[in-house]
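Undergrad: Using the sequences and the hints, build the whole thing.
These protein sequence lines are chains A and B, in that order. When we follow this note's numbering, the leftmost residue of the first sequence carries the number 5, and every step to the right adds one. When we follow this note's numbering, the leftmost residue of the second sequence carries the number 5, and every step to the right adds one.
Just so you know, these hints were derived from the structure itself, not from any lab. This structure is a prediction, so every number in the text was calculated from the model and none was measured. Just so you know, even glycine gets a beta-carbon here, dropped at the ideal spot from N, CA and C. A portion of the hints provided could be inaccurate.
Chain B regions said to be covered by chain A (calculated; three or more residues, Cβ under 8 Å) [stated by the list, open to error]:
1. 41-47
2. 105-117
3. 164-178
4. 197-205
Protein chains: 2
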Amino acid sequence: MRILVLGGDGYLGWPTVMHFAAKGHDVMAVDNYQRRQIALETDSEALIPTPNLDERAQVFYQQTGKKVEIKIGDCADMLFLNTVVKDFQPEAIVHYAEQPSAPYSMKGFHEAQMTLQNNLGVTFNTIWSVLENCPDCHIVKLGTMGEYGTPNIDIEEGWIDIEHNGRTQKFLYPRQAGSLYHTTKVLDTDLLWFYVRTYGLRVTDLMQGPVYGLSTEESQLSDDLLPNFHYDDIFGTVVNRFLVQAIAGVPLTVYGKGGQTRGYLNLMDTLNCVELAATNPANKGELRIFNQFTEQFTVNELADRVHRVGNSMGLDVKIKNIENPRKEMEEHYYNAKHHGLIELGLEPHFMTDDVLAAMIEKILKYKDKIATRKIMPRVKWS
Amino acid sequence: MRILVLGGDGYLGWPTVMHFAAKGHDVMAVDNYQRRQIALETDSEALIPTPNLDERAQVFYQQTGKKVEIKIGDCADMLFLNTVVKDFQPEAIVHYAEQPSAPYSMKGFHEAQMTLQNNLGVTFNTIWSVLENCPDCHIVKLGTMGEYGTPNIDIEEGWIDIEHNGRTQKFLYPRQAGSLYHTTKVLDTDLLWFYVRTYGLRVTDLMQGPVYGLSTEESQLSDDLLPNFHYDDIFGTVVNRFLVQAIAGVPLTVYGKGGQTRGYLNLMDTLNCVELAATNPANKGELRIFNQFTEQFTVNELADRVHRVGNSMGLDVKIKNIENPRKEMEEHYYNAKHHGLIELGLEPHFMTDDVLAAMIEKILKYKDKIATRKIMPRVKWS
Chain A
5 MRILVLGGDG
15 YLGWPTVMHF
25 AAKGHDVMAV
35 DNYQRRQIAL
45 ETDSEALIPT
55 PNLDERAQVF
65 YQQTGKKVEI
75 KIGDCADMLF
85 LNTVVKDFQP
95 EAIVHYAEQP
105 SAPYSMKGFH
115 EAQMTLQNNL
125 GVTFNTIWSV
135 LENCPDCHIV
145 KLGTMGEYGT
155 PNIDIEEGWI
165 DIEHNGRTQK
175 FLYPRQAGSL
185 YHTTKVLDTD
195 LLWFYVRTYG
205 LRVTDLMQGP
215 VYGLSTEESQ
225 LSDDLLPNFH
235 YDDIFGTVVN
245 RFLVQAIAGV
255 PLTVYGKGGQ
265 TRGYLNLMDT
275 LNCVELAATN
285 PANKGELRIF
295 NQFTEQFTVN
305 ELADRVHRVG
315 NSMGLDVKIK
325 NIENPRKEME
335 EHYYNAKHHG
345 LIELGLEPHF
355 MTDDVLAAMI
365 EKILKYKDKI
375 ATRKIMPRVK
385 WS
Chain B
5 MRILVLGGDG
15 YLGWPTVMHF
25 AAKGHDVMAV
35 DNYQRRQIAL
45 ETDSEALIPT
55 PNLDERAQVF
65 YQQTGKKVEI
75 KIGDCADMLF
85 LNTVVKDFQP
95 EAIVHYAEQP
105 SAPYSMKGFH
115 EAQMTLQNNL
125 GVTFNTIWSV
135 LENCPDCHIV
145 KLGTMGEYGT
155 PNIDIEEGWI
165 DIEHNGRTQK
175 FLYPRQAGSL
185 YHTTKVLDTD
195 LLWFYVRTYG
205 LRVTDLMQGP
215 VYGLSTEESQ
225 LSDDLLPNFH
235 YDDIFGTVVN
245 RFLVQAIAGV
255 PLTVYGKGGQ
265 TRGYLNLMDT
275 LNCVELAATN
285 PANKGELRIF
295 NQFTEQFTVN
305 ELADRVHRVG
315 NSMGLDVKIK
325 NIENPRKEME
335 EHYYNAKHHG
345 LIELGLEPHF
355 MTDDVLAAMI
365 EKILKYKDKI
375 ATRKIMPRVK
385 WS
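TA: Have a look at this one:
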């Protein structure tokens, strides 16, 4: 298949590019290095230096003999994106090209405005460039489980049948997210659903939980192929952050009571989920939604696991409950369905002690590069 | 009260400005004449020539001795809006400043992009200019009944309690709209709800049905004070359009089967609803939603009424079902609640034959200005 990956420089984007290329697909990766720029501006650079996309594509070619095309530009600029789509004629577009940090989106007006304009703008341009150039192309959009928030009822897979006063109607499952970033994903979903039902687009919207991990089959070939690995408060996801804290001797920072429950998945499962979605496309006029995670944990459970594994490896891991910089429920009901991707064939990589230990081993190589000033929350929601 | 009306040049905006000023409030009207520009570009100018805001403010002052402040600028430009809000320190902002045409939003990429960027951008800037300058200010936002679409269950007033697998949760009533314009209003609602619950804003979101009418207490003082009255396919709402068609001898254009049901209200009731909302503000941290209409009709019922009244006045009114340019259900269940504004004290002006006859009398004065080329739908949804 011809697969266009928007946001191909990202934590998920670059491993996805390699994964598809290794399987023999024609892959083009597009990025404008916006996350690198924000990381620079906010003193939140990733732990492991990652070469630029052109360099990584070359290393990947040397290692595998597989070529990936690289195109640098801003997908929020329709003139750029439309030309890329017109020339490449993708059969699937994997759309990761969004500002992905919740704390950054809550920093102030300009950060919020940039997040809103970029994320919604790229989704809008993706829709229109498909409509105008390749209306059969399947859009695989990365959403987030955070779109649902933490409702007091079971979270269904994207849709819900509501019975009300003796009548029924199927609706998009109601969404209410905990940050502006997550809210832009809600708006993306609304926008996609409008254009899907009006113009017959085919879209898969993946409601993804927090991802952890840094190794994939292809990234193991060379450290130059590792994804960017963030442990800072801006881009670092919680498991990755905790592992770095364990190594750096910084107590694991549990925000508030730590009863926050979310659905997590291994980076390798992200790749498999996206592949399953791309190779089993949605129908025309279908907005297919999958909840993309494999296990539910509370933050306290994650901290306990990292504590246990770290200490068994000779680290001195402590846990500290700190004031929650976010506005969120710290103890709540949470039961999210996630059948769709399993039914398509997903075989989960669970978060075993061995998996955490292997991540710690890998991160230990970069222990000297950890800057502890990047760990504590620097953005408050209020 | 100090009341800032964004979109003060509009069909609803200008009558609102006069209405509040006549009641003794301090009113500032802001507009960038965007609708006039679109009307010019799409050959959709209003029936009755309306002087610019500065001129109308002067006529209004001569007639009533009441001053209104006029500020011309683009609310999608934060630098402009923030300065206005900072200087004026409003107690209520009535936000009409959106591209209001569904057909225009469906015309093509640029029209859709402009609608998305303008509507969401102005709402976003309104939120932030309030947060930064006057966090107690009450935002009265004009939404649309079209946000709900035509679900097969009763439409509640903004919110719905969902019982699911033995548990319950209150959610925003699920929305799925029939045009990109209406979808931008859905996104506005999502965005407002996020900032309301996160930062404690006070917001009233008015889900308004199609409005008809051209006379208000103040507009009767001089024809220079009439609202802009559109009968074209771009900006004309259905009742206003039908009345002009009746006068021009153009058969009333019923789109498709004509079973489309909506909730309608008289322009005078819009003014009263907005006044009731503004003078009874929402609480801090409350997104209060009212369904703003007074009566439900099918399009066929509207056509029959105009047919009956027109013919009784000696017009030769015909009805013609034409191909529906929109993608919408033409026969459907529709039962929308609308208690909130009645409970606040709204006394509806219903669509009697006398009301329609008075509108026909008024429009007859401008019969020679009707351009029949503007009536038939020029934009298709597909």
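Undergrad: Do three or more residues from the stretch 105-117 of chain B put their C-beta atoms closer than 8 Å to C-beta atoms of chain A?
TA: Answer holds; 3 residues pass the 8 Å Cβ test.
Undergrad: Using C-beta distances, would you say chain A covers the stretch 41-47 of chain B, given that this needs three or more residues below 8 Å?
TA: violated (count 0)
Undergrad: Taking a Cβ-Cβ distance under 8 Å as contact, does the stretch 197-205 of chain B have three or more residues in contact with chain A?
TA: holds (count 5)
Undergrad: Mind checking, does the stretch 164-178 of chain B have 3 or more residues with a CB under 8 Å from chain A?
TA: holds (count 11)
The structure shown violates just one earlier hint, number 1.
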